[in-house]
Amino acid sequence: AAGVIQSPRHLIKEKRETATLKCYPIPRHDTVYWYQQGPGQDPQFLISFYEKMQSDKGSIPDRFSAQQFSDYHSELNMSSLELGDSALYFCASSFRSGTSGYNEQFFGPGTRLTVL
Amino acid sequence: AQSVTQLGSHVSVSEGALVLLRCNYSSSVPPYLFWYVQYPNQGLQLLLKYTSAATLVKGINGFEAEFKKSETSFHLTKPSAHMSDAAEYFCAVSYSGTYKYIFGTGTRLKVLA
Numbered sequence: 001a002a003g004v005i006q007s008p009r010h011l012i013k014e015k016r017e018t019a020t021l022k023c024y025p026i027p028r029h030d031t032v033y034w035y036q037q038g039p040g041q042d043p044q045f046l047i048s049f050y051e052k053m054q055s056d057k058g059s060i061p062d063r064f065s066a067q068q069f070s071d072y073h074s075e076l077n078m079s080s081l082e083l084g085d086s087a088l089y090f091c092a093s094s095f096r097s098g099t100s101g102y103n104e105q106f107f108g109p110g111t112r113l114t115v116l
Numbered sequence: 117a118q119s120v121t122q123l124g125s126h127v128s129v130s131e132g133a134l135v136l137l138r139c140n141y142s143s144s145v146p147p148y149l150f151w152y153v154q155y156p157n158q159g160l161q162l163l164l165k166y167t168s169a170a171t172l173v174k175g176i177n178g179f180e181a182e183f184k185k186s187e188t189s190f191h192l193t194k195p196s197a198h199m200s201d202a203a204e205y206f207c208a209v210s211y212s213g214t215y216k217y218i219f220g221t222g223t224r225l226k227v228l229a
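These protein sequence lines map, in sequence, to chains A and B.
Residue numbers are given in my numbering: position 115 of the first sequence equals residue 115, and the series is strictly consecutive.
For my numbering, add 116 to where a residue sits in the second sequence, where the first one is 1.
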């Protein structure tokens with residue numbers, strides 16, 4: 001079965017550089033979520049998109065932006081990178097339409113970002 | 117604020133022993149509850165989920181969890197630990213209408229030979 005695809009899997013950047021992370025949801029899924037997991041930390045919700053519109057916003061820094069495109073893939077753009085941005089970034093997708101509130105999220109393998 | 121508490125950041129059990137990982141949520145409204153496992157340098161894999169159907173939920177790899185509303189708990193158990201169970205386990209909650217997951221701080225399970 002198709003899974004959530006994230007690219008790149010690993011990314012190394014210098015401080016103050018920019019990075020773009022991509023997420024391709026499972027086919028027919030209409031919602032994408034982004035999470036950040038710092039070293040030894042639990043995943044923290046950043047932002048989500050439902051049908052290409054921002055749905056919910058968590059602890060996402062102003063330096064970060066994201067969007068969901070017409071083909072439902074999503075990109076997380078990170079500018080002015082800081083050392084503290086080094087983390088594992090997960091994307092998850094779900095099919096929300098028509099549900100009563102429960103929706104199971106399927107997680108991608110993550111992108112490990114290292115900021116030097 | 118809604119939160120998830122996982123008691124014990126590190127748990128060690130002997131191979132063949134019972135595994136018990138604790139998860140408590142803090143809200144008056146019962147959430148949807150999930151347990152995920154994360155192996156080193158890998159993503160999150162769903163073990164099991166509670167979606168207001170049966171309170172005893174069976175998952176993959178012999179794990180199960182019981183939802184207890186009176187205790188606001190959703191503890192994860194496995195009768196007999198295997199070396200391959202060594203990993204990080206996360207409890208997560210989601211509430212109707214919000215969809216995002218709130219994760220607990222995780223419990224690292226170590227299985228001793």
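Since the hints were derived computationally from the structure, they do not count as laboratory data.
One thing to keep in mind: the hints can contain errors.
In silico DSSO-like pairs for lysine-lysine, Cα to Cα no more than 27 Å straight-line [said to hold, decoys possible]:
#1 B:Lys184 to A:Lys52
#2 A:Lys22 to B:Lys216
#3 B:Lys174 to A:Lys57
#4 B:Lys165 to B:Lys184
#5 A:Lys57 to B:Lys165
Going through the hints against the structure:
At most 27 Å may separate the alpha-carbon atoms for a hinted pair to count; lysine 184 (chain B) and lysine 52 (chain A) exceed this at roughly 37 Å. Our distance criterion of 27 Å between C-alpha atoms is met by lysine 22 (chain A) and lysine 216 (chain B), whose separation comes to about 19 Å. Distance hint between lysine 174 (chain B) and lysine 57 (chain A) is unfulfilled; the C-alpha atoms sit about 32 Å from each other, more than 27 Å. As the CA atoms of lysine 165 (chain B) and lysine 184 (chain B) are separated by approximately 14 Å, the hinted pair is consistent with the 27 Å bound.
Restraint check: the Cα-Cα separation between lysine 57 (chain A) and lysine 165 (chain B) comes to about 24 Å, which is no more than 27 Å; the hinted pair holds.
In terms of the numbered hints stated before, the structure departs from hints 1, 3, listed from lowest to highest.
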